[in-house]
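J.: In order, the protein sequences belong to chains P and F.
In terms of the numbering used here, the first sequence opens at residue 880 and continues consecutively.
In terms of the numbering used here, the second sequence opens at residue 18 and continues consecutively.
Treat each hint with caution, since some may be false.
Stretches of chain F that chain P covers, calculated by requiring three or more beta carbons in the stretch to come under 8 Å of a beta carbon on chain P [claimed, not checked]:
#1 99-109
#2 149-158
Using 35 Å as the maximum straight-line C-alpha spacing, the simulated DSBU-like pairs for lysine-lysine come out as follows [unchecked claim]:
#3 Lys152/F <-> Lys52/F
#4 Lys1168/P <-> Lys1196/P
#5 Lys21/F <-> Lys970/P
#6 Lys1127/P <-> Lys1036/P
#7 Lys1051/P <-> Lys970/P
#8 Lys152/F <-> Lys954/P
#9 Lys1036/P <-> Lys21/F
#10 Lys176/F <-> Lys1127/P
#11 Lys1273/P <-> Lys951/P
#12 Lys963/P <-> Lys176/F
Okay, the calculated beta carbon distance ranges per label pair [as the list claims (entries may be wrong)]:
#13 Arg882/P <-> Gly28/F: 39 to 45 Å
#14 Pro60/F <-> Leu904/P: 36 to 42 Å
#15 Lys897/P <-> Ala61/F: 54 to 60 Å
#16 Glu124/F <-> Lys1127/P: 44 to 50 Å
#17 Ala168/F <-> Ala956/P: 35 to 41 Å
#18 Arg908/P <-> Ala168/F: 19 to 25 Å
Just so you know, the hints here were simulated from the structure itself, not pulled from any lab data.
Note that the structure is predicted; figures quoted are calculated from it, not measured.
No residue lacks a Cβ here, since even glycine has one placed at the ideal position from N, Cα and C.
If you want the building blocks of each chain, they are given just below.
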Amino acid sequence: MRRMTITEKILAAHAGVKEVVPGDLINARVDIALGNDITAPIAIHEFKKAGATRVYNRNRVVLVPDHFTPNKDIKSANQCKILKEFAIEHKLTHYYEGGEVGVEHALLPEKGVVAPGDLVIGADSHTCTYGALGAFATGVGSTDLAAVMITGELWFKVPESMKFVFKGKLRKWVSGKDLILHIIGDIGVDGALYKAMEFTGKPIESLSMDSRMAMCNMAIEAGAKSGIIAPDKITKAYVDKRAERPYKFYSSDPNAAYSDVIEYDCSKIEPKVACPHLPENIKNVSEIKNIPIDQVVIGSCTNGRIEDLAVAARVLKGKTVAKHVRLIVIPATPHIYNEAMKKGYFGIFLKAGAVISPPTCGPCLGGHMGILAAGERAVATTNRNFIGRMGDVKSEVYLANPAVAAASAVKGRIAHPDEVVRS
Amino acid sequence: MKFKGKVWKFGADIDTDRIIPARYLNTSDPAELAKHCMEDEDPAFASKVRAGDIIVAEKNFGCGSSREHAPIAIKACGVACVIARSFARIFYRNSFNMGLPILESDEAVDAAGNGDVLEVDMDTGDIHNVTKGLKHKARPVPPFMQELIRAGGLMESIKKSGRVR
Ligand code: SF4
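Extracted from the complex, chain F is given alone in its bound form (with noise of 0.2 Å):
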């Protein structure tokens, strides 16, 4: 997986409810969930964010609630991954369960500034900020958590395994 796109710098311990905030949890549809995404940080986000464009952020992206709406606005609002220098728990286990790439690299988001290119290589880890011509690696991601992506997620290993009744 290959991903190119614009960042959007956000700061650290961005927590789920401003990533999508409480009030509009009455609905799981992404499309309505992907309108609200960022809102309390940045109201213009949605409607500024391009297809494949990059989420940067500092520390403990995503702490705060287990709400899966989270990772779903995001990807519903075309962001084709998520960098960040560590994310929360329970954050990081829906992104990979419902299929968002999500990458931790402190060098990438040292150099990253708002509005630069991204070139990203989800399989080698690899970050090439294009606007300042600058390579990163991203920690690598458990082998485990590979086979799951592999699989097409948490959902499809289960069918796979024959033991859905």
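Isolated chain P, as found in the complex (with noise of 0.2 Å):
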């Protein structure tokens, strides 16, 4: 039989077939469609053109209203009134909001919604942080969400994977961030265009759970068609607490076929800051000179999660942020919120200066609670810094990871941690 990556077999798995080839164009099934508070109107409209009165199951369809939410304006408002009218009328388990709603990526792997070796699509591109469960995740578009909705199905073309290989030891204030900008500055924004991207390597088997959702989380920022870590020990115990469904472990057959595998030494990468207007114009932190900032936000679905949170807090204890720098801290979920605050982040960020953003997309892609003004420069450790991404055209966004952003916020200017963390 063919030697098949982990992709392809969670891709002939779910077409009910023995194997696949890139190329291939597939039928399969779908564990898990998601919509949120953007993308979910346009395909709750298609669904209804077409004539449709029932989802293919009432499980498997969730919807999250975490962009414009607490609901910005009333165009918003009417956005996601829509998804709560279509969720009670439809009975779905899965339809968040309020106090129980966080940013989509964080929120459905924290609640065992997704699972290893599913196959999900999402219409937002950053569905692909799944991978990092080992299932295949993938970003579409609103009608192919709608299409979903209704059949359970979708086609796909098989992807052709790349091979990303670390070794070597982590340097210090290193995280999965810093090694997926690593590989969109060497790549390119368009470097693994519609292909899977595989992470593997002893550093990455000893990577944590969210470490590597940032990475995944980024992939799409190479252009790619997903990314994926295969499941192993820091996975089961991820899911194992979690998983509402049975799950299952894919791995790669050794010696399966990639179109490119690139090789990586992590003693050699630093922390870096992705500059604007595009993820890969990446830099070294300690290369960059004297850039002041007007703004810090630590959050999205790249870095808002509890270890995000607890690096900024190690950076930050003790300090102030400095004068005329908004910090603004954005837990990713409640659940995530609840935990900094009784491990006591809160107070850190709280003394050091900080505003605390109820969970939301928020100033990620310039929807609200922290938009920037002409002429002003923030550091963020989101995933996009294109023009205007977090608001006006004249704004600048650097891309860094949580230690970075709070050093940097302490300094008033793109600083590396070690200039604020004596150790």
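Fit chain to chain and form the complex, with the hints in mind.
T.: Below you can see the structure in the form of structure tokens.
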């Protein structure tokens, strides 16, 4: 039999065939279909226009209004109402609002809605995050979501896989975010176009689940269809207490075919910053001299998890944010919010002068809760620094990990965590 | 399907935030979205573009978010088709699903200048640069995608399959 990658195996299993080859067009069963307050209204419109009256499975269609919530204005309130009414009408199990809602890609793994071996589609490009659990997960548009809401299936082109092999030991302050930024800096924003990125190697095997999610989250920023990490002990520990359905671990066959195999030595990877206006404009933090900033955002589906808040708290402990810098901390889910509070991080953040936001996408996409004026500059733990992404077209976003973001808030300019934390 | 229109030329890696900024995503009304199409790249675009015009762009057009609002905004402001060196994956898929014609051709992108008049035949992939008197061929659209277009898009093909309940 053909030797297959983990991605090919999951796709074959969901298409009900023994094997698939990159380039094959398959019709596959979808385990979870996700929409949010931006994309679901169009999908719901298409669903109704097609004359559909039932979703394929009320436990598998997931709606998360997280982008403009708590509702930013009347228009967004109307969008969210469409989701709510649909969720009530179709008795959807997984619909979240108010104090239950969080950023979708942090919420779904945490709630055990997505699991290893799943095929997940989401009308949101960062759906690729769930590859961290060993699932095949990819972003699609609203019409694709509507099609799945009706049929439970969707067509896919089997992607080629690219393998990224990490070696060596992670340096201090380096997290999954830096590894993925390093890759994007190396291969570019279309370096993995249409492909599946597979992350392997010793350092990945010991990487925390939160860091793995940050890595897979940004596969789309290299143009990829998906990112994936083979499930292991760390995955098992994470999903065992969460998964609401039986799950399956897949792994790549030795000698499976890859379009590219790229190796990186972690001992050479420093904390990174993606400079405006593309995630591929990568520099080492230490190379960046004296770039003053106006705002720091710590949050999002990339780095709004507990590990991220923990490292931010470590940097900010006993420090204060520089004068005229706004630090906004956004725990990604209510559970993370509660954990951060119990662990005492909120005290540290508040003392430092931070604003703590309710879980929301908020400023990540320039929605609300921290928009930049013309000429303002932010360091953000988010995933995109496109022109105008966080506000005015003349504003700038630098992407970094939470330690760098926190250190920059203290210094009032882009800073290395070592400048703030003496050890 | 045949189009004839004036070229609006854009660079590489035009992301969906530039096609339609997120600050306008609190609605999905095509007419409303069309008003802001390409706003952060060229604030005058939406008011100057004419029905039937053609967007020509470098590589990786439509990268970034999955928002279908991007092809919707382009279509709603009257653009007949987009020609690029390559498209980001989700944008490519969305365009087919909602019926925005798109073609990939390096030669056509190399040759086309702002304001050139192009004639495009979607069925054959022939691109004729009338201004410069040049003829190009776009990369063929996979047969599966052609069928999807013939069926009238993804939702129509599902309706025809009798799976709507
Ligand atoms: S946090 Fe940002 S990138 Fe993630 S889903 Fe929300 S808007 Fe998209």
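J.: Look at each hint and say if it fits the structure.
T.: Here is what the structure says about each hint:
1. Note: the region 99-109 of chain F has 4 residues with beta-carbon separation from chain P under 8 Å; the three-residue rule is met and the coverage holds.
2. For the region 149-158 of chain F, the proposed coverage by chain P is not satisfied: 0 residues have a C-beta within less than 8 Å of a C-beta in that chain, short of the threshold of three.
3. Under the criterion of a C-alpha separation no larger than 35 Å, the hint pairing Lys152/F with Lys52/F is consistent with the structure, at around 33 Å.
4. For the hint pairing Lys1168/P with Lys1196/P, the CA-to-CA distance comes to about 24 Å; that is within 35 Å, so the pair holds.
5. Only pairs whose Cα atoms come within 35 Å are accepted, and Lys21/F paired with Lys970/P is rejected, the gap being roughly 48 Å.
6. As the CA atoms of Lys1127/P and Lys1036/P are separated by approximately 22 Å, the hinted pair is consistent with the 35 Å bound.
7. As the CA atoms of Lys1051/P and Lys970/P are separated by approximately 48 Å, the hinted pair breaks the 35 Å bound.
8. Straight-line distance between C-alpha atoms of Lys152/F and Lys954/P comes to about 46 Å, which puts the hinted pair past the 35 Å bound.
9. With a C-alpha separation of about 32 Å, the suggested pairing of Lys1036/P with Lys21/F holds against the 35 Å cut-off.
10. With a CA separation close to 33 Å, the supplied pair Lys176/F and Lys1127/P stays within the 35 Å bound.
11. The suggested pairing of Lys1273/P with Lys951/P holds, with an alpha-carbon distance near 23 Å, which does not exceed 35 Å.
12. Taken as a hint, the Lys963/P and Lys176/F pair is honoured in the structure, with Cα atoms around 25 Å apart against an allowance of 35 Å.
13. The given range of 39 to 45 Å is respected by Arg882/P and Gly28/F, whose C-beta atoms sit roughly 41 Å from each other.
14. For the pair Pro60/F and Leu904/P, the beta carbons lie near 40 Å from each other, so the given range of 36 to 42 Å is met.
15. At roughly 56 Å, the beta-carbon separation of Lys897/P and Ala61/F lies within the given 54 to 60 Å, and the hint holds.
16. In this structure the hint that Glu124/F and Lys1127/P lie 44 to 50 Å apart at CB holds, the actual value being about 47 Å.
17. Separation of Ala168/F from Ala956/P is about 36 Å and conforms to the stated range, judged on CB atoms against 35 to 41 Å.
18. In this structure the supplied range 19 to 25 Å holds for Arg908/P paired with Ala168/F, their Cβ-Cβ distance being about 21 Å.
Violated hints for the displayed structure, listed by number in ascending order: 2, 5, 7, 8.
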